[in-house]
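Student: Can you make the complete structure from the sequences, with help from the hints?
2 protein chains.
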Amino acid sequence: MLFADNDRMETTLDPQDWEEFRKQAHRMLDDMIGYVEHVRDRPVWQPIPEETRANFRESLAQRPMSLSRVHEIFMHDVLPYTVGNVHPGFMGWVHGGGTPVGMVAEMLAAGLNANLGGRDQMPIEVEKQVTAWVREIFGFPETASGLFLTGTSMANYVALLVARRAFLGTDVRKKGIRDHRLCAYASRSAHGSIAQAFDLAGMGTDTLKFVPVNEKFEMDVEVLAEMIRKDRESGLSPFFVAATAGTVDTGAIDNLEKIAEIAEAEGLWFHVDGALGALAMLAPEIAPRLNGIELADSIAFDFHKWGQVPYDAGFILVREGELHRSTFAAHEPYLMREGKALAAGSPWPCDFGPDLSRGFRALKTWFTIKVYGAERLGQAISGTCELARYLESRILEEPELELLAPVSLNIVCFGYREGDNAEIAAGIQESGIAAPSTTMVKDKLAIRAAIVNHRTAREDIDALVDAVVAFGNSLSRGENGE
Amino acid sequence: MLFADNDRMETTLDPQDWEEFRKQAHRMLDDMIGYVEHVRDRPVWQPIPEETRANFRESLAQRPMSLSRVHEIFMHDVLPYTVGNVHPGFMGWVHGGGTPVGMVAEMLAAGLNANLGGRDQMPIEVEKQVTAWVREIFGFPETASGLFLTGTSMANYVALLVARRAFLGTDVRKKGIRDHRLCAYASRSAHGSIAQAFDLAGMGTDTLKFVPVNEKFEMDVEVLAEMIRKDRESGLSPFFVAATAGTVDTGAIDNLEKIAEIAEAEGLWFHVDGALGALAMLAPEIAPRLNGIELADSIAFDFHKWGQVPYDAGFILVREGELHRSTFAAHEPYLMREGKALAAGSPWPCDFGPDLSRGFRALKTWFTIKVYGAERLGQAISGTCELARYLESRILEEPELELLAPVSLNIVCFGYREGDNAEIAAGIQESGIAAPSTTMVKDKLAIRAAIVNHRTAREDIDALVDAVVAFGNSLSRGENGE
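Residue numbers (the numbering used here), protein chains in the order written: chain L, 44 to 525; chain Y, 44 to 525.
Note that these hints are calculated values from the structure, not bench results. Any given hint could turn out to be false.
[What the hints assert, rightly or not] With a Cα cut of at most 35 Å, we get these calculated DSBU-like pairs of lysine-lysine:
hint, chain 1, residue 1, chain 2, residue 2
1, L, Lys171, L, Lys383
2, L, Lys301, Y, Lys217
3, L, Lys383, Y, Lys259
The structure displayed is predicted, hence computed values, not measured ones.
Tutor: This is the structure:
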């Protein structure tokens, strides 16, 4: 006989003993809540011991291992050696802090195991609900479409594809980008993912022209207008401009109203890379600085940064939903739509982006927005900007320190005068006290504090400043033996 | 004074009362474990009541709502109305069933809130560990590189970009695809994401030529060789062939050895789309049918299908890691690498793909492989193929039913003779008994059962067959009043 009577038990991966599993799962949840609750007692970051790293160079095991043992390995070898962005002392790059609410919501999503590619299911209604809120936040019309993606790198790319389809027609999907004389614009301070989008789309990064920035690191809009004029004269076809709402290096916000005006006059697609800054719309005292964002053709941003949703949760909003759909929709027999039952509900999210398998990023975002409400999320955002101003004031008070860029939002670039800032940043990271990152500002290597985490408080700013001064002094006295 | 002394409490999104949060979180975990444990007692799928849908058309709330209330809404309005792929009766499209282990692992990942874009952190070592296992599974060399992505749609696209860079050099990243006479091949049964990749990459879908299939729905390799010859004669540059290990419609496996041989002789990039079938390498009695996969230049597949990892967890494996890296790596000042501390550990995952913000997909995959071991995962895969053969035998026994394609792996295409199979499939879905999908096989609409879930057992197959016969009989007697 081909099948034993007890065939169900032979292949299922469900626990044989649900009670035992349940106990273990609760231990895991307790440990993880404890981690978040007491994260301040830990170093922000610590070096990975070589033997820990070596433990993760095993060959594939054929045999099972108990969940409790695997969890022990996780607690011992993985949890202590993360980047540290849950910790209030983390100010490197631009990482959100996450929340316990996002954590449990993600557990629910993993249990449901929903694929948000399509089909008629409430998880897609949850994504549509979040999309409606996003439209509301940015003052977009009902006909605007939205989609979760991994992050703004993908969202910028999706926006470029929609702009390409708008400019070249749907035929480009069949024929590709040929003999093109297209050109596009972003500021010198734009994120690398804008140029990457042109690489990924087969247009080549040379298609993107960089507009100089003013002393506040904002796009020089007069030069932009001049560049467009000259490029047209030389036979190129300008079609796309990406403004930045919160540049990665300094947090500068381009003049969105003026860029919108130029884009409108010149017939360019107006995209806003708001990875860092767009959600400042939730903070009433910062929102006016984003004036003009409501005129964008597309906006890319991340809920996992200022939105504090756990990684990853990027988002693209497109003004003309139908244009967006016709950039990606295809007709495959195995994805046939029907008027009723499971295959109803067309269009599906897979018609609006490259992903057919898509996790339920919307749930952790929906929980975050429902539980905290827009107001508290906005206060957390304002709070990080206030802390950046506090850090600025502390830097200006310390004679050994210098401010290296204007503080526009929540990012502060500074340094120890005449010091080796790379060495200082690495030393502070290794100390576990704080975790700034570094960048180049006007050919100078700067220590960069991006304050994104809702847990960060004045004491963390003080600890960073004190550490920079102490490490700087110690290095300049040659105590580090370099 | 700008900052109150108790500023920490003003903006943090952490619970004021951790004990209360902890209790609520445990309730949520219990509910979710209960859902998975008792999923068999639920309908596979059920229609969404209009009032439930309407509840998700609220405007953005400014004020908070308690986590327990938001969870209640989730339990009442979302959880009962999913696609149903956790349920053993779900056989639509190709969806994995998930596991409770994957669920709790994802909760840990969300608590850590790791961004796997880069930096020196153990989560990246976990991803490297899984990559090493993947290399081992497919017999790839140490120099091969791997990366988690959302799904195979993205993985196929990444593979195409690496192939493009291999054929055209790194200059293509700057200059784009211009005046190209490239051409590429996949079978008529290939997944739509292969053609989509050519659209996304700016080459246009016309670049992809479809090779006819034989009676087993496998690529006709003699025609492939002939097409390449003719295309070269007409001045085109063939550079890429995508074989399929498990086609979406029928589960057919292309002749990988023969395609590898042709690709080698003709200097083509040999890609395998193994979204559905690649992990059959874990099942010793099926693995030999994938012979030749070890010769691929790149393999794309999903852990969230046969691997039973919760959504989403796609993967790309590339034989030449350095080629892969040089397709994506860039030099940005804010992503500077250092020899020590947080910015060490280069190259980073962001150097191998389009994502800079990347969640910790590796953790749920690592937990799944560690806890179950390769052998049990392979048995679960074998089990679904055995069930497909059982379904085939049941269809052949029923005079009203006809088999519409050979059963190659875990997918069965069949129908009610002279019946409206779309109507039958929708009726069964609405009944909640089972959830097959539909597709076109040789111009005939087929009911398609893709058996992917480790929970599915013979009783679920019997229920599907009985339901198709019953709905078919009832419809042909005109009882449904259509």
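Student: Confirm or reject each hint.
Tutor: Comparing the hints with the structure gives:
At most 35 Å may separate the alpha-carbon atoms for a hinted pair to count; Lys171/L and Lys383/L meet this at roughly 19 Å. Note on Lys301/L and Lys217/Y: the hinted pairing holds, with a Cα-Cα distance of about 29 Å set against a maximum of 35 Å. With a C-alpha separation of about 32 Å, the suggested pair Lys383/L and Lys259/Y falls inside the 35 Å cut-off, and the hint holds.
When held up to the earlier numbered hints, the structure conflicts with none and fits them all.
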